[in-house]
Amino acid sequence: MQDQGETSSRHVDSLNMHTFYQCYPLEQRWTKDHPLEQVIGNPSQSVRTRRQLDSDAEMCMFALTMSRTKPKHIKEAKADSAWIESMQEELPQFDRLDVWELVDRPLCTNVINLKWLWKNKRDEENTVIRNKSRLVAKGYAQKEGVDFTIYQMDIKTAFLYGPLKEEVYVNQPDGFVDPYHTEKVYRLKKALYGLKQAPRAWYDELSK
1 MQDQGETSSR
11 HVDSLNMHTF
21 YQCYPLEQRW
31 TKDHPLEQVI
41 GNPSQSVRTR
51 RQLDSDAEMC
61 MFALTMSRTK
71 PKHIKEAKAD
81 SAWIESMQEE
91 LPQFDRLDVW
101 ELVDRPLCTN
111 VINLKWLWKN
121 KRDEENTVIR
131 NKSRLVAKGY
141 AQKEGVDFTI
151 YQMDIKTAFL
161 YGPLKEEVYV
171 NQPDGFVDPY
181 HTEKVYRLKK
191 ALYGLKQAPR
201 AWYDELSK
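The sequence shown: position 203 = 203 (UniProt numbering), numbered continuously.
No lab work stands behind these hints, which were simulated from the structure alone. Among these hints, one or two may not hold up.
[As the list claims (entries may be wrong)] Derived BS3-like pairs: lysine-lysine, alpha-carbon spacing no greater than 30 angstroms straight-line:
id, residue 1, residue 2
1, Lys138, Lys70
2, Lys75, Lys165
3, Lys121, Lys165
4, Lys132, Lys121
[What the hints assert, rightly or not] Label-pair restraints from in silico Cβ distances:
id, residue 1, residue 2, range
5, Arg105, Arg134, 21 to 29 angstroms
6, Asp95, Lys119, 31 to 39 angstroms
7, Leu102, Val128, 31 to 39 angstroms
8, Asp123, His181, 34 to 42 angstroms
The structure presented is a predicted model; accordingly, all values stated were derived computationally and were not measured. Note that beta-carbon positions come from the ideal geometry of N, C-alpha and C, so glycine has one too.
Could you build the full structure based on these sequences and the hints that come with them?
If you want it as structure tokens, here you go:
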């Protein structure tokens, strides 16, 4: 039979207890070409858009996580978790929309470099509400008459993923090179911003 002291020693006052919440990792980070251990930043943190925020308090917290400084180069972007997440949001669409495929580097063929563009989107109060990253082709690196045919068209938005008829190759983007296939390049199936073929691909798509 247990004595009163032993019984009372096992009694726990619920008001003095601390509640612990176990956070389970969310497996929503894109990892097709990049294993989790190679992803920069916190891979267990899911990406939430502005529309998914439930309250004003969450909106304020979301604004606080935004970077108010636009990076000038990839080194600065990789040093800021907000821009890392922004770039990681940009990349999945290229596979989802079947824009490219990773292949062996072709011989005697010009391979175009890619570059990142960064922009801060602001609201009417000039508060940064989104860090936008965009991956574009350095189209000016192509050789006229050899790598492409120029089509003069006055359009501002040519990033419509129109199918390409020419063979175009681009290097893997800075900061996101596949660690297991560092020598491979991407063969483009569809047009990118900055690509000279983009206007023609866009025109052909609308002409169907």
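* Does Lys138 pair with Lys70 here, judged by a C-alpha cut-off of 30 angstroms? -> This hinted pair holds, its Cα atoms lying about 20 angstroms apart.
* Taking 30 angstroms as the top limit, are the C-alpha atoms of Lys132 and Lys121 close enough? -> 7 angstroms, holds
* C-beta pair Leu102, Val128: status relative to the range 31 to 39 angstroms that was hinted -> For Val128 against Leu102, whose Cβ atoms are near 34 angstroms apart, the range 31 to 39 angstroms holds.
* Satisfaction of the hinted span 34 to 42 angstroms by the C-beta atoms belonging to Asp123 and His181 -> 41 angstroms, holds
* **Pairwise beta carbon distance, Arg105 to Arg134, judged against the given window 21 to 29 angstroms** => 25 angstroms, holds
* Could one say that the CB atoms of Asp95 and Lys119 fall in the range 31 to 39 angstroms? -> This hint is violated: roughly 23 angstroms between Cβ atoms.
* Asked: Holds or violated: are the alpha carbons of Lys75 and Lys165 at most 30 angstroms from each other?
  -> 35 angstroms, violated
* **30 angstroms Cα cutoff - pair Lys121, Lys165** => 34 angstroms, violated
Violation of the numbered hints given earlier is confined to hints 2, 3, 6; the remaining hints are satisfied by the structure.
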